[in-house]
Amino acid sequence: MEASSVSVASQGEAILNLLEASLLLISLYIIETRTVPRAIMGYRIQAGVLAIISLFTAVPVLQEGHVILASGLVFLPISLFSLIKYALASATIPEFHLPWDKILYRKAEKLWRQADFRREKEASGRTMLFYVLLALFAFIIVFRSLPLSGAMQQTQRIGVAVAITLQLSGLYTMLAKKDMISQVIGLLMMDHGMYLAMVRLAPFPHPGAAFLWALYFYTALTLLLLFFLVPHLGKLTGSADLDLIERSSELKG
Amino acid sequence: MMDQMNSGVYSLIALPTFGVFCIAILWVFLRNNLSKGRWLQVISLGSVAISIITFIISTLLLGPLLNDQGAVKTVLLGIRLHIDALSLYFILVVNIIAAAASWNAHAYLQSPEGQKGFGGPALFLGLMNLFHATMLISVIVDNLVVLWIAIEATTIASALLVAYPNHRRSWEAAWKYVIITSTGIILALIGTIFLAHAVSSGSDTLIWSKLIEYTPKTQNEKSMIFLAFLFILVGYGTKAGLAPMHTWLPDAHSEAAPPVSALLSGVLLKASFYAILRYYTMTNVMLGESYHTLINTILLTVGLFSLVLAVPFILKRNRFKRVLAYHSLEHMGIILFGVGIGMPVALFGALLHVLNHAITKALMFLAYGNILRSYASAFGDKKLNDEDISGVLQAMPYTGMLLILGGLALVGTPPFNVFMSIWMILWGGFQRTLGLSENGTAGDVHIGFMIALIVFILSTTIIYFGMAHHLNKRVMGSASFGKKKLPESFISELAPLFVLAILIIIMGLWIYPSLAVLLNQSVAIVLHHTMP
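Note that the protein sequences, when read in sequence, are chains A and B.
Quick note on this note's numbering: the first sequence kicks off at 31 and runs consecutively.
Quick note on this note's numbering: the second sequence kicks off at 5 and runs consecutively.
Only chain A is shown next, with the shape it has when bound in the complex (with noise of 0.2 Å):
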């Protein structure tokens, strides 16, 4: 009875670094992408794996009584898969209200798809290299210096390789893209990095909740400031681009 239920907690593991694996990719993905609208998908379906993720910690909690505590876990990435696209929408197209409205919401993704990457005349290989770097890295610091304690820790220690491997890609992100929503994409991609390491790291139901209800605060706060700053920024200079915003700033010195 003991062996069989170490082997299912095992094989759970095994499922969740296939899991945290399959975030990689799509953390690449995002990278590598030349438009806004592939990007946001990319951002979707992590945010859909992360849930799913989310779920192998919310079980036990769930088990353990903490109903409101296990459906908040699984309801912040959920709530990012199904509303991000709206949201960014409503960014970048200040009138777009309702999810149901299709015509603005096509005008948004139109204007995402002309959205001017810079890193388009890069070559995708440097970037790949890049991002393998910034990977190895991660796994490097995670697996040589990070000690953790417990009896699952190089499972463990997959995943804290792969939230920081998330946040820096998202920190990546930031810096190589330079129109304003794949900026918003790469500071929620460090959020995702910063979520799987809670749902990994902390110990639930305390301190674990203090930390998903900072989350929750965080997210809640930095999207809605960026969606107020947005359109404002994009109305006073006319683009969405960054990198034209600063080239012809004041902001200088």
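Read the hints as simulated data drawn from the structure, not as lab findings.
On a predicted model such as this, the values are computed, not experimentally measured, just so you know.
It is possible that part of the hints are untrue.
In the DSS-like style, the derived pairs of lysine-lysine whose C-alpha atoms are separated by at most 30 Å in a straight line are [stated by the list, open to error]:
1) B:325 with A:265
2) B:387 with A:265
3) B:386 with A:265
4) B:325 with B:386
5) A:208 with B:320
6) A:208 with B:325
7) A:265 with B:120
Derived coverage of chain A by chain B (criterion: at least 3 residues anywhere in the stretch with Cβ under 8 Å from a Cβ of chain B; other residues may be distant) [what the hints assert, rightly or not]:
8) 105-112
9) 228-235
10) 257-263
C-beta: ideal position from N, C-alpha, C; glycine also.
Let chain A serve as the given structure and place chain B on it in line with the hints.
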């Protein structure tokens, strides 16, 4: 007595929060019944009253806390609060600058720029109160996640306040501010998760006053706690404006309205520094002597790097508010350098510098804000550029003198306050270089510290001349609109500046005894986690 102290602590947070609600309620019910000028007067006076009362309450807490209690521990809405000497010191810093800034805000909101800000004066003052409240919460909470939330919450109010002037530059600065600080702050949360994982011991895991008593059992735990500290340093360091994560700082500080710049530079950076200081204390106590030198070296290096990086930007031709913003980078570097020296006298100096820099920088931003407004009105329809500001001493003699005084103080001219704190930091540096222990016995000369001190002295000296050049250009000569004198309103514009200037002069010569006791206790808390 304890009940009275608890009430005092609650009212510290409640008052600015109450201010936000009051402004919102007044906006709904009173706005249409009053003239524009009267409406502005009502909400401005309300905000000034709130910040002054909050300041008085914090000074009233000073006596009992220093003499009898050591620390006030209480719970508000399920959140544990912990106020010791270090928290109270930061509360005082926040309240002094908030009072001066909200006083000056009235003059700013009367100007055409203040009137045309997005959302109007009511939103501006509501956000100022919210900003004040979140900074106070940051320095009194006992829970590390709530501390993170409070620091993150400062972003809501401050980002919108940066954008308030409602021109392209201010929106760009707000965007950069949100993007960079949000990126940084997430690293602080991941550091907190690492710490919680390393010390996981139930519900007390996140309470720093309990966590400090935790002794790591294995080397693995120690490595994890150290790694957590590094993430925290980068995360909160971003918000504290430390190099190389400082890139939001010159834009946000220079584009915000003057009272907001004073708050950003004077206290927002310090609230984030407070978070670093708490983690520094915890990490040192938990990890013991073996990591102490390494952590101090990291802080010293980051501090020195921030200071050195500020030099070329202060020397080059730049808009004056931007120059002042780079001075914030310099002074945060000086403060971190003082902590990194690891000697009590240097830490005393670094903590004193927190207040000295806040007061001096607030004076500079507010004075220059007054100048910009008056010159803009003298220029009329013609667009005012920063290069047009000259001959201030002739056109606005009182404000000009205050600007000179603030500028000289800011770069450490004796006998002003900043000189006093920099001298203490240097004294600690000399002690460390000569290997002097706390009881005065000499050891080996430390070449690394000597080089660091030389770089420190050289950088501050070069900065001195840079500031002198910028001041000379603005203050001397004659104004481009002729010899006409511009009006200077004593009550709304000059009064808060004079109060700050008096503090700058007095604190260069004398440290108020209760403040010295508060600082000594704070040093003991940071270095030994004990009361003297």
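Hints and how they fare:
1. At roughly 26 Å between alpha-carbon atoms, residue 325 of chain B and residue 265 of chain A fall within 30 Å of each other, so this suggested pair holds.
2. Of the supplied pair hints, the one linking residue 387 of chain B and residue 265 of chain A holds, its CA atoms being roughly 22 Å apart against a limit of 30 Å.
3. As the CA atoms of residue 386 of chain B and residue 265 of chain A are separated by approximately 25 Å, the hinted pair is consistent with the 30 Å bound.
4. Between residue 325 of chain B and residue 386 of chain B, the direct Cα distance comes to roughly 20 Å. Compliance with the 30 Å bound is thereby established for this hinted pair.
5. Restraint check for residue 208 of chain A and residue 320 of chain B: satisfied, since their Cα atoms lie roughly 28 Å apart, inside the 30 Å limit.
6. Note on residue 208 of chain A and residue 325 of chain B: the hinted pairing holds, with a Cα-Cα distance of about 27 Å set against a maximum of 30 Å.
7. For the given pair, residue 265 of chain A sits about 17 Å from residue 120 of chain B by alpha-carbon distance, which is consistent with the 30 Å threshold.
8. Only when three residues or more bring their CB closer than 8 Å to a CB of chain B does the claim for the stretch 105-112 of chain A stand; here the count is 0, and the claim is violated.
9. Only residues whose C-beta sits within less than 8 Å of a C-beta in chain B count toward coverage, and the stretch 228-235 of chain A has 4 of them, enough to reach three; the restraint holds.
10. Chain B is given as covering the stretch 257-263 of chain A, and this holds because 5 residues of the stretch bring a CB closer than 8 Å to a CB of that chain, at least three being needed.
Checked against the numbered hints above, the structure violates only hint 8.
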